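**Student:** Chains as they are written, first to last, in my numbering: chain V, 1 to 476; chain G, 1 to 103.
Everything labelled a hint here was simulated from the structure, so no lab data went into it.
All figures in this text were calculated on a predicted structure; none of them were measured in a lab.
A couple of the hints might just be wrong.
[Unchecked claim] Computed, partial: chain V to chain G, Cβ under 8 Å:
(1) Glu68
(2) Asn71
(3) Lys74
(4) Leu75
(5) Gly120
(6) Ile162
(7) Pro182
(8) Ser187
(9) His271
(10) Asp275
(11) Ile378
(12) Leu382
(13) Thr383
(14) Asp411
(15) Pro412
[As the list claims (entries may be wrong)] Some residues of chain V that are not near chain G, with every Cβ distance over 10 Å (derived):
(16) Lys14
(17) Asp399
(18) Lys444
(19) Glu458
A virtual CB, placed ideally from N, CA and C, is assigned to each residue, including glycine.
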Amino acid sequence: MTRDNSFDAVMARKSEIMKKSVGIDYDIFETGKLGFDYERMMKETGYTLAEIEEIQKETTVGNTPLYELRNITKLARKFAKEGKGARIFIKDEASNPSGSFKARRAATAVYHAQKLGYKGVIAATSGNYGAAVASQAAMRGMKCIIVQECYDSQGKGQPEIIEKARKCEAYGAEVVQLSVGPELFYSFLLLLEETGYFNASLYTPYGIAGVETLGYELSMEFRAKEGRDPDVCVVTNAGGGNLTGTARGFIKAGAMDTQIIAASVSLEGLHMASDTQFNKKSFTTGHTGFGIPFATWPDRSDVPRSAARPLRYLDRYVTVNQGSVFYMTELLAQIEGLERGPAGNTALAAAFKIAQELDQDKMVVVQETEYTGAGKHIMPQLTFAKENGIKILQGDPSDEVPGETIILPKDPSYLCIKDLDIENTKKSYIRNCIKNNNIDIINKEDLDFLVADTKSDENFVRKVLGELEIKVKEEA
Amino acid sequence: MIAKKNDWVRIHKVILEVGQRAPNIPEETQRVPLEMWDKGFLLNESANIGDEVEVETYIGRKVTGTLIEVNPYWDHDYGKAVPEILYIGKQARELLEEGEKND
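Chain V with its partners taken away, still in its complex shape (with noise of 0.2 Å):
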C-alpha cells in the first residue's frame, strides 16, 4: 500500500499523526467553543514537580549555579538615578548537560517517549532544544531525529544554527536540514509517520512541566541565599515554553510577588518566512518574530494544544535590539568572567535596564544562559551579518534598523528596552481566538478560558468581545 504523500495529503493527516507521536488525545480536554481545561491537561498528562526533579536527577539536568553579577551590577549603578539599581543574577543553564536550559525540556519528553515504549524521538528545531533532545536520547540509548530550518535558497546558513547541528550529530542523531519555509511542518509529519518515533515537541505538557523545576530552584536558591524570593524574573522569550514552565514553577514555590518579565530581540520588519531576509537577521532564536506570534496565538504550534501559553504568566513584556544583546554578551565575557552564547544574553539586556528602574535593595534574576561555540558566539554571528551587507554602528540602538543595522550602544547609558503594550497583545490573542475558530458566540465557560489565556479580568475581555461584536451565552 503506498500513501498519497503530497503536501495536502499530510497536511489533512496531521491530527492522526499528531495523536500516535505524542500519545496525547488532546480532544478530552476541549471545552465550550474555543477554550480548553489547560489545568487539566498540564496534571493528567504532564509530571508532579517532584517527579520531574526525579527524572531530571537521572541525567543530571538542573541545580544550575547561580551568579550575582556584581560587576554589572555596578555598572548598570552607576547610571541609574540615586538609590536606584538593584542587583543582577544569572542563572547559569548553560551548565546543562546540553548547554542550555532546554535539557530540562527534553529530560522529561524522552524519559516519557521512552515509558511509553518509542524506539526514538524527532523534534522539529534549529535551536539549543535539537542539542538537548539529542544528549538525553543518547543517555537513554534511544534514536533522534532533528529537523531544522537551516539554508535559505543560497545554500547560506546562519552560522548559530549550523553549530546546533552539529552538537546534534555529535550527539549520534540524524539531522534533516531545510531550506526557508513553514511546510518544515510537512517533512516533520512525513518522518514521524515513517518512523513511529515520539514527536518531543517543545510544546506538550512535558515539555513545559520539565521548565517548571527551573522557577522553583531559583524561588529555592534566593530563599536559602538571601532570605526572600527575588523581586523580578527576566525570561527571553520565543516560543513561550521557557516563560510559561519558569512562571508555573515560581507559582509552585509560593514565589507569588515575582514579577515575570518577557524579553525579546527586536527583529520589527522581517519575516521569518522569507527567502531573502532569513540570512539578514542575527538572531536565530529569543526573537519577536517568534515571541509575538506565539503569543497571540500558542496554538500554532506543532501539537493540537500548546502547553506554552505566556500571556497567562507575563506581567510585562519588552524588546531589546540585536546590538544591545551582542554589547552584554560581550560584558558578561569581559567584566564577570563568562562566556556565553548571544541568544540566551537578550533577557540580561533587558534586566540591566530594569533593574536601574528599581532600588538597590530589588533583586533582578536573568533565568538562564546557554554555552558558546564556534558559529554560536558574538564574533562569528557578527562577521555573519556583515558578509550579508548589514552595518555594525556604535551608537543609539533605538536608531537599530534590523535587517539594515546592528548598533551596539555607544556607552552603558546608551542601552534601551521598549515596552510592549500587552493589553494589545492580550486583544491581539482574543481577536485570533475568534477568528481561527470562526465563531460569533461563545459560553460563559469559553470567557473564563479567556480570562485566564490573558491574566485579565471579565470587563477586559468583555469589552474587547464587545468590539469585535461577539455575544457571550450566559448560563441559564
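Got chain V sorted already, so can you dock chain G onto it with the hints?
**Tutor:** Using the frame of chain V, we list chain G on its own:
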C-alpha cells in the same frame, strides 16, 4: 567513481517543487523549492557527485537524494576580527575603576 559503498556522504533533495509549496508564504519563498540535506553511509556500490543515490543515515533510515559531498565536514568557525566590539570591555573596565574612585 568518487564514492564507494559505505562511504560517509551528504545528499541533497528537493522536497517541494515551486508550485507545490504552501500558500500564505512570501512570494520570494514561493519562487524557490523546499530543499533538504541529510547524511549517511552510501548504499550504492559506487557513485559520482551529482548521481542519484541511496544512503543509510546514522540512525539507520534509508534516504535517497543527489550525492553532493563525500566525507562532509563542518567549517563554521569563530568568524573574522570584529574591531567594532573592542571598545566594550575596555570602556566598561575604565568606568568601573572610575566608580571606585568616586565611592
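**Student:** Hint by hint, say whether it matches the structure.
**Tutor:** Hints and how they fare:
Checking Glu68/V against chain G by beta carbon gives a least distance of about 15 Å; that is not within 8 Å, so the hint is violated. With a least beta-carbon distance of about 6 Å to chain G, the hint placing Asn71/V at the interface is held under the 8 Å criterion. Of the supplied interface hints, the one on Lys74/V holds, with its beta-carbon coming within about 6 Å of a beta-carbon of chain G, less than 8 Å. Restraint check, Leu75/V versus chain G: the minimum CB separation of about 6 Å is within 8 Å; hint holds.
Proximity of Gly120/V to chain G holds as hinted, the smallest CB-CB distance being about 7 Å (cut-off 8 Å). For Ile162/V, the interface hint holds, since its Cβ comes within 8 Å of a Cβ in chain G; the closest pair sits about 5 Å apart. Taking 8 Å as the C-beta contact cut-off toward chain G, the hint placing Pro182/V at the interface holds, the least distance being around 6 Å. For the restraint placing Ser187/V at the interface with chain G, the shortest Cβ-Cβ distance is roughly 6 Å, inside the 8 Å limit, so the hint holds.
Against a cut-off of 8 Å between C-beta atoms, the interface hint on His271/V holds, since the closest Cβ of chain G lies about 6 Å away. Restraint check, Asp275/V versus chain G: the minimum CB separation of about 4 Å is within 8 Å; hint holds. Taken as an interface hint, Ile378/V checks out: its beta carbon lies about 7 Å from the nearest beta carbon of chain G, inside 8 Å. A least Cβ separation of about 5 Å between Leu382/V and chain G falls short of the 8 Å threshold, and the interface hint therefore holds.
Interface restraint check: Thr383/V against chain G, minimum CB-CB distance 3 Å, threshold 8 Å, status holds. Satisfaction of the interface hint for Asp411/V is found here, the shortest Cβ-Cβ separation to chain G being roughly 6 Å, below the 8 Å cut-off. At about 7 Å, the closest approach between the beta carbon of Pro412/V and any beta carbon in chain G falls short of 8 Å, and the interface hint on this residue holds. Even its closest Cβ contact with chain G, about 13 Å, leaves Lys14/V beyond 10 Å, as expected for a residue assigned away from the interface.
Distance to chain G confirms Asp399/V as a non-interface residue, since its nearest Cβ pair spans about 15 Å, more than 10 Å. Against chain G, the non-interface label of Lys444/V holds: every CB pair exceeds 10 Å, the least being about 34 Å. In this structure Glu458/V is separated from chain G by more than 10 Å, as the shortest Cβ-Cβ distance comes to about 34 Å.
Going through the hint list in order, the structure does not satisfy hint 1, though it satisfies all others.
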